[in-house]
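Undergrad: Those protein sequences? They're chains A and B, same order as listed.
Residue 0 is where the first sequence starts when you use numbering that gives the first Met the number 0, and the numbers rise one by one after that.
Residue 0 is where the second sequence starts when you use numbering that gives the first Met the number 0, and the numbers rise one by one after that.
Hints in this document: simulated from the structure, not taken from any laboratory.
Below, computed lysine-lysine pairings styled on DSSO-like, alpha-carbon distance capped at 27 Å:
#1 K70(B) with K57(B)
#2 K70(B) with K5(A)
#3 K80(B) with K73(A)
#4 K5(A) with K80(B)
#5 K70(B) with K73(A)
Derived CB-CB ranges, DEER-like:
#6 A78(B) with Q8(A): 21 to 27 Å
#7 S34(A) with D105(B): 33 to 39 Å
#8 K5(A) with Q122(B): 20 to 26 Å
#9 D147(B) with A18(A): 54 to 60 Å
#10 T64(B) with V35(A): 29 to 35 Å
#11 G3(B) with I16(A): 35 to 41 Å
Glycine included, every Cβ here is placed at the ideal spot set by N, Cα and C.
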Amino acid sequence: MTNIEKYTQAFVDAFNIDAETAKTLKFQQIPAWDSVGHMGLIAQFEDQFGIMMEPDDIVDLNSFEKGKEMLSSKYGIDFGA
Amino acid sequence: MLKGKNIFLTGADGGMGRAMTKAFAQAGANIWANVIRENEEYSVFAEALALEHGVWIKPMVFDLTDGAALKNAVMAIRAEKVPIDGLVNNAGILREGMLQMMPLADARLLFEVNFFAPFQLMQLVTRLMMRQPNGGAIVNMSSMAAFDGVEGETVYGATKAALASMSKSLAKELGRFKIRVNCIAPGVTETPLISGMSESVLNKDRESTYLRRLGKPEDVAKVAAFLLSDDAQYVTGQVIRVDGGRN
Chain A
0 MTNIEKYTQA FVDAFNIDAE TAKTLKFQQI PAWDSVGHMG LIAQFEDQFG
50 IMMEPDDIVD LNSFEKGKEM LSSKYGIDFG A
Chain B
0 MLKGKNIFLT GADGGMGRAM TKAFAQAGAN IWANVIRENE EYSVFAEALA
50 LEHGVWIKPM VFDLTDGAAL KNAVMAIRAE KVPIDGLVNN AGILREGMLQ
100 MMPLADARLL FEVNFFAPFQ LMQLVTRLMM RQPNGGAIVN MSSMAAFDGV
150 EGETVYGATK AALASMSKSL AKELGRFKIR VNCIAPGVTE TPLISGMSES
200 VLNKDRESTY LRRLGKPEDV AKVAAFLLSD DAQYVTGQVI RVDGGRN
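The whole structure should be built from the sequences, with the hints applied where relevant.
TA: Below you can see the structure in the form of structure tokens.
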């Protein structure tokens with residue numbers, strides 16, 4: 000599984016949604032992505048990529064796109080071109 | 000009582016920490032034992048206990064006020080792929096002084112070690128506990144100084160009150176993840192922390208308890224072991240005073 004597939008799957012698993020919905024998702028756009036669901040999503044990232052995110056980043060991660068950009072720039076996750 | 004459980008204990012080589020190491024090992028727990036610097040004598044003590052009780056005790060050397068080191072320690076534990084069943088925020092420092100004579104730097108250091116270090120450690124450890132089907136248990140070491148007030152311990156007492164308050168809120172926040180958070184507030188206990196107190200002051204403390212004696216580290220360690228155990232599975236958000244009874 001590529002990193003982008005893993006990343007997308009994290010949303011799918013955390014919120015029980017399909018991959019297409021995940022790609023445009025923003026924080027609190029669906030009931031499942033509340034503050035508790037958010038921690039479940041972070042857990043998925045940390046387990047999938049073997050990282051431990053900083054509290055500030057956990058707060059700032061508020062959309063699919065933002066998370067991808069953050070994991071790439073701050074945690075060195077390569078999502079390809 | 001703690002058979003097969005894995006406990007993360009801070010300040011493991013202090014007076015209280017050693018008693019906890021012993022009590023937890025006797026109860027069957029494995030221990031990640033944080034110490035601030037290499038301590039050969041503690042390592043020997045821990046090895047002997049581990050051998051005697053068939054558990055592992057791993058000293059982890061890092062300074063709790065070093066955020067990066069703390070994070071690395073938690074990541075190292077996560078890499079072991081075993082659950083963290085319990086966390087005991089036992090490490091703490093005491094700086095006494097009347098209000099006018101307490102340097103601000105000392106006051107800040109007290110909060111750094113006694114409040115912010117447990118805060119950060121709980122931030123990291125609870126993220127792992129939240130993913131565990133059985134959650135986890137946290138015990139924070141507060142003090143009677145937090146609730147009764149002690150002359151010369153204005154800031155120390157404030158740090159311990161802050162820790163107790165944080166514990167109560169966290170118990171509410173984390174209950175849904177089966178994470179229990181409790182506090183112990185010891186009275187005057189015979190540890191190196193009180194080595195600077197005069198015998199007359201200690202006598203006064205002794206006589207002010209219902210039981211007419213000072214606490215022993217083992218008195219506190221046994222309560223911590225209980226709070227970590229499944230015997231306390233319906234106990235959370237509490238501050239348990241272990242002080243021999245006081246008015």
